[in-house]
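**Q** Sequence:
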Amino acid sequence: MALSFFTQRDIDNFDLNNIPEEFVNYFNGLSDERKSGIISSRPELGPALGYSQKASFDNAAVEDDFIESNEDILESDFEDNNQGEVVIEKTDIESQEESDSVRLKDIANNIYEYIDFSMYLNKDLNPFEALIISNGQKKCRIHRKSFSNLQFKYKAERGGVYGVAPLYCDECKRLFLEQDRSSTVEKALTERNIQVKLYSLELTKAFINSCLPVIEITSESEIYFPDSWVEDNPMCQIHHEPLDESDCIIGAEENCIKLKVYYCSTCDKYLLRRSAALDLEEECSSKGIPMPIIKPLVAKSVNAKQIFNRDIIPDFFIQEGEQFNYKYGKNDEIVNLSENDTIVVSDSIYCSLSGHDCVETMANFVVELKKKSHVKKNYVCSVGYCSQCNKYYLAEEDYKVVYSLGRPEVNVISDIEDAGYQITSGEVFELEKQHLDDLENEFDEITDSIHDAKDYANQYATYKGGYDEGGLSVAKERSKRKYGKKLGDIDKYRAKPYSYRVDITFAGKTEVYYIGADDIEFEDGKRVYSFNSDFGRQLVNIRNINIIKDGKQYDIALTRQFDIEAAQLYGYANLRTKDDLIFREGITDPFLVKVLKLRKQQHSLVDIIATVQENQNAIVDETLYSNLIVQGCAGSGKTMVLLHRLSALKYNHPEFAFEDAVILTPNEQFNLHIQGLAEGLQLGNIRRLSIEEYYQEVLLDYDEAFVPSSRVANEINVNQQFVDYIYSDEFITKMNEAFVEGLDERGTLGEMLDSVCSFFNENTIDFDKYSPSELMPAIKQKNVHFEAIVAAQDQEYKVVKDKYDNLLSELEKINKELPKAKKRANNIVKEVIPSVYFKLSEYDSNHEKGIYGIQSELKRLQEEVKKTESQFLPFGRKAKLEELDREIDKIKRHRANIIKKFKLANEELAEDLSELSDEEIISWIQKVTLYVPEVMDEVRQCVNIKNAYKNLQKQKEDTLALTLEENTTMLQMEKNLYPDEIKKAIVYISSKIDEYSDYNFYFKVFEAATSGFLKEHKLKSLKGIHRYDLYARILFCIKYYGKVNGTLKLVCVDEGQDLALNEYKIISSINQNKLLFNIFGDTNQLLKPGRGISDWSSLKNQFDMKEFVLNENYRNTNQITRFCNDSFDMKVMQTGVDGPSIKEIRRVELEQELSNTPIVTERVAILLPRSVRKTSYIKKDLLPTKISRLISNKIDNGLISLMYVDEVKGIEFDRVYVISNKMTKNEKYIAFTRALTELIVVVDNNITAK
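Every letter in the sequence shown is one number past the one before it in our numbering, and letter 1083, counting from 1, is 1083.
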């Protein structure tokens, strides 16, 4: 039924004497309130409709307002045929008939309570039910947590998809829609025939309020009051959003105060109007109830320079020192900062100046990422804005995150004393950035001019014309000789052309110099001076306060260090200015302390050119052609001195081929650790390898079979006695003995091969002519030759025998088939005779029928003649009779011919077959075919079967003859076959060749050299590959192949104490004993005494080495250095950098300690003894998720690295937890000195020795 409607104008125009029946019916079905509303608009209708108005004035007024705001009055369940107008009655009008309790109960009945929304994502959800919330509401008021977003899609019949993205609370299990979107969504879904139910904003608030618990407010709770208060519609003064009302209670039940407070979900604060707050204060005082903290809510004062950019959506947000993905879309309240704005890094987000108030806000700024060149991202974080200072205050824990990522494009200053942060913005920064850009542009101009030169040829060019193939190659070579070095140098300079700037002054004039790893000089002058040059080194060393140049003494006014990566300037730090005080004596030089603090913030190795000490300089300047040992305590800068020495040697010795130099490091992690500094010092062409990687390269030069396919395992857990034995002289002796015994055993193969050679009348092998590695290939080659001879004869014999066997098989088959064929041939004629007679009978029958048909036709014609003769025909009678006579004559002749032929056939075929032979019968059947062609099938059958039998007989005769012939040949060949003992000898030699292959021979030798030791000490042989395996293989290869392939001229070893003396000997031997060693290490960090070097004297004597000692700790704080001195009876000098005291905790406190530790950008490590299993030591279920997910076996900023002590040698961390139980003295020393700033010793008495 259609719905009719009546407008207010219709009602006003009703004739009281003729009110439409439709309206009367509609009116009578309304509630009293709705009737009252209609009558209020036209009171005279009441008596006409029989209605007496009883509603109150207030109700009438409400209905009157309702009528005025709704132009149409709906009528349901009625069809107006005259007007034909249809309208659907509005659901909110109907809902007014229901009580509040019924409506709240309806909401409480959650139809989605047990629905898994993941099944409906990007699909249609039907029915769709949601609660309408205020625009911009981001959190669920009931559970105080942020909404998540869902996505449903609805298809229309006419095509197209409509998407709905409601908010979702996974605790409520409900959907929410912002008020502005609700009507659009309702309309779109209704058009698609989706059941839609949306609860109004008022009803949603009422339901949520009914679900909220009473809030307990204590003396520590904070309640804010704004300057102004909108009484009828309380609003947040900062965010201009309606406040949510909540019930609360202060005090105990027997003595409490109940009141209503207001909550802003954006601020996450409770609010009261000021007067109510004062009343509360008085009431609390009178009842003796502790008063909560009352604070003013300060409205945000936005600076005119601040820009609210609605088009920028942040990529990440930073909170409490952690970085998260930003998932909240556009936010009008985020302030967008530029380089014109100033951020102050402080211990909080508030201005520390007296009388200055800060307003908390969210700020977005761009960060140019350091690890991804030219990539910029937007970061948002909480800041405090001080209108008096016109600055934004950012907490240091949040700035550390930004600082580790790259350069923020805002003006940053630090309010923290000695924080060690670089300057990343400002006028000076822009000038330095422009200077770098200008230099990079000069590189581009030079490169372009070379590329544009007529004689330049791209080294990757391919032939397309202009050159023939030969011409292109020649052009490339000429171009390479002329331009290659210059282009290569420019490519090398680009990433980091310099690291320092030094200003010097004399007589009021200032000269500026930029200092880098290499000299950079163009035609019009030098742009960069190398810090490896005497002049550059004097300039950059901050211990110098003046410098002599051109006979004049210049004062050093400024030393500035730059952070440059991939040709981008990320920041700078003034290591010294002309206003600084200079202390020239002692390690407590304040400039050194300043630089060390700066480097602690950088979390990576940086050059020490500016702070290099005299004893370090002595190592750097030591002549290239010296073998040297540097004994340096932990943190003494051994690694950096090593790299700087190489950089200086490269600069001062261009004649030396540094591609023949290598740095051997403890492990791959360490290689990554030093990579940045090595590249910054232009050491790119000097390879950095772990000792295991180097050993594998050496083995690959011999034979890839010696290179393990699996990962080389750490040998730290291998029995110490066994590893010490492998690196001992005794093992070398045992290897040599086993090697000789193996050669003797292989010699038996030679004797056996000699006997084979004699049998074949060939020359024997001259064993003295071959080295051990060449002998087996020679034996193999000879034996393969004999294998080929024997195989050829065997193959020839096999061909004959196979042929003979096949003939026997064929003969056997013929003999089986022959009786069957004979029987078939003898019986076939008898079998076909019945068929022939049957076909003959059919022939007779058919001829008789044919004669009978002719007779019938003749009779018919004769009767036709009689009939014609009796008829009177004026014309044609004679002609017709003549025609009939001719036909009769023709038929008679035909009949006579058939009868004659039939008689002849019967005469010829009427023969007695009983006395005839098979051949005569077949001949008779062939005669039958003249009259009965169908009998030819029987003829063929007889002939074929007879012939098949004859052929089989002939085949037997032929096969028998061939068999006898092949048998004769085979017997003759068998007499000439090589003897079995010769064949067995060849097969045995072949099997032993595999057994004595290069690798298998090594394995036999190694097993023989170690079996006695393992048995004596009751040890089992280990699975897997370890470094000592690689070492043993190299020992074997040198002896086995009788040659060395190494071409290295300089080997620098970091953590050199971990290599055994014999390892140094073998490395020298590999490189033909023409090798220079630069060894950097610390005997106090030797993990396993015996398997490395605990005293440098043996190495010094072996290679005539000069020893240097570094006993100053630049890594650790004074507290850690003193702790190690006391713990290990050392006298390491302190740097003067202070830090936290050493902390000791119990094992049970470790997870709690980690949970309460803010992990920002620092490197954190938990160091374990090898007797502990990594995977199960930390109880991750006791840790917060954000901490648990940071625990890793990798090393990087912002991670908690769970490592064994031996895995972190040479690597440093900001904070280190050391589980020291069952660690050796040296392990503890290594573990403690990994900490840059904080050391926490964890006591775990449950650890047992492994």
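The reader is advised that the hints may include incorrect statements.
To be verified - Heads up, simulated DSS-like pairs for lysine-lysine below, C-alpha to C-alpha not over 27 Å straight-line: (1) K205 with K258; (2) K1131 with K1065; (3) K903 with K859; (4) K798 with K813; (5) K153 with K173; (6) K820 with K946; (7) K1100 with K1065; (8) K822 with K950; (9) K813 with K803; (10) K1228 with K492; (11) K813 with K859; (12) K803 with K956; (13) K890 with K867; (14) K867 with K880; (15) K139 with K173; (16) K1131 with K1180; (17) K880 with K900; (18) K927 with K901; (19) K878 with K890; (20) K155 with K105; (21) K1225 with K1131; (22) K956 with K782; (23) K526 with K552; (24) K173 with K1186; (25) K1018 with K1043; (26) K139 with K197; (27) K803 with K823; (28) K509 with K480; (29) K734 with K1004.
To be clear, the hints were calculated from the coordinates, so they are not data collected in a lab.
Because the structure is a prediction, the values reported are computed rather than measured.
**Q** Each hint should be assessed against the structure and marked as holding or not.
**A** For each hint, the structure was consulted:
| no. | hint | verdict |
| --- | --- | --- |
| 1 | K205 with K258 | holds, 21 Å |
| 2 | K1131 with K1065 | violated, 32 Å |
| 3 | K903 with K859 | holds, 23 Å |
| 4 | K798 with K813 | holds, 22 Å |
| 5 | K153 with K173 | holds, 19 Å |
| 6 | K820 with K946 | holds, 12 Å |
| 7 | K1100 with K1065 | holds, 12 Å |
| 8 | K822 with K950 | holds, 9 Å |
| 9 | K813 with K803 | holds, 15 Å |
| 10 | K1228 with K492 | violated, 41 Å |
| 11 | K813 with K859 | violated, 68 Å |
| 12 | K803 with K956 | holds, 16 Å |
| 13 | K890 with K867 | holds, 20 Å |
| 14 | K867 with K880 | holds, 11 Å |
| 15 | K139 with K173 | holds, 14 Å |
| 16 | K1131 with K1180 | violated, 39 Å |
| 17 | K880 with K900 | violated, 30 Å |
| 18 | K927 with K901 | holds, 14 Å |
| 19 | K878 with K890 | holds, 19 Å |
| 20 | K155 with K105 | violated, 32 Å |
| 21 | K1225 with K1131 | holds, 16 Å |
| 22 | K956 with K782 | violated, 48 Å |
| 23 | K526 with K552 | holds, 21 Å |
| 24 | K173 with K1186 | holds, 25 Å |
| 25 | K1018 with K1043 | violated, 36 Å |
| 26 | K139 with K197 | holds, 22 Å |
| 27 | K803 with K823 | violated, 31 Å |
| 28 | K509 with K480 | violated, 44 Å |
| 29 | K734 with K1004 | holds, 12 Å |
Hint compliance for this structure: hints 2, 10, 11, 16, 17, 20, 22, 25, 27 and 28 are not met, and every other hint is.
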